[in-house]
Amino acid sequence: MAMNIMRTAAFLAAVISGHVIAADSVNVSVTGNIVASPCVFNGGNSRLDVNLGNIQATNMVTPGSLSDPVAFDLLFTLCPAGTRSVTATFSGTPDPVAGAGYYKNSGTAENVAIAMTAMGSDALLGTGSSLTQNIAADRTATLAMQARVKSVAGGATPGTISAAVVLTLQYN
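Residues -22 to -1, 1 to 150 (mature numbering (1 follows the signal peptide of the UniProt record, and there is no 0)) are what the sequence shown spells out, left to right.
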């Protein structure tokens, strides 16, 4: 009887190990990202209006004429402790005459384009441009900006000025 138990055990071991030898191996790949949490932009308002005011058409007659810049801030508050910086990437419709660094006016004024720059910089922030700002110790960040109108060809006509610029925000 002990011999039958041994034979049965040996048979079961052979059958089980036969299945292991014939088994397929499968690799499971687990991926993911830990991402920085966002700050609160513009007090929780996802819209920021920049009013360039009234610009005299007579000041925009000469080719290359520029309006006075209007300052505004991109303000980020309540940034979580793990968030170290914010990068804003700009996009919109480029102006076909002024070039890729300028945004096309969709208002009724003609022969003008809209320019955006960081305060204290002449570098245009057209479509595809980006700015990065580190988060301060008080968990805020401010990107000081300015916008203005340029008449590349001159001869700006009276009318409205309007451009939609979309900011894509990335937190690191």
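Some hints could be false.
Unchecked claim - List time: in silico SDA-like cross-link candidates among lysine to any residue, alpha-carbon distance up to 20 Å:
#	residue 1	residue 2
1	K82	S140
2	K82	D27
3	K82	C17
Stated by the list, open to error - Pairwise CB distance ranges, derived in the manner of DEER restraints:
#	residue 1	residue 2	range
4	S63	G137	23 to 29 Å
5	L44	T9	34 to 40 Å
6	A49	G133	39 to 45 Å
7	S7	G31	53 to 59 Å
Hint data in this document are derived by calculation from the structure and do not stem from the laboratory.
Because the structure is a prediction, the values reported are computed rather than measured.
No residue lacks a Cβ here, since even glycine has one placed at the ideal position from N, Cα and C.
Here is how each hint holds up against the structure:
1. Of the pairs offered as hints, the one joining K82 and S140 holds, with about 8 Å between alpha carbons and a cut-off of 20 Å not exceeded.
2. Restraint check for K82 and D27: the C-alpha separation of about 17 Å stays at or below 20 Å, so the hint holds.
3. For the suggested pair K82 and C17, the alpha carbons sit about 30 Å apart, so the restraint of at most 20 Å is broken.
4. A C-beta distance of roughly 39 Å is found between S63 and G137, which places it outside the suggested range of 23 to 29 Å.
5. Against the hinted window of 34 to 40 Å, the Cβ-Cβ separation of L44 and T9 comes to about 49 Å, which falls outside the hint.
6. The given range of 39 to 45 Å is broken by A49 and G133, whose C-beta atoms sit roughly 27 Å from each other.
7. Roughly 57 Å separates the CB atoms of S7 and G31, a value that falls within the hinted 53 to 59 Å.
Violated hints for the displayed structure, listed by number in ascending order: 3, 4, 5, 6.
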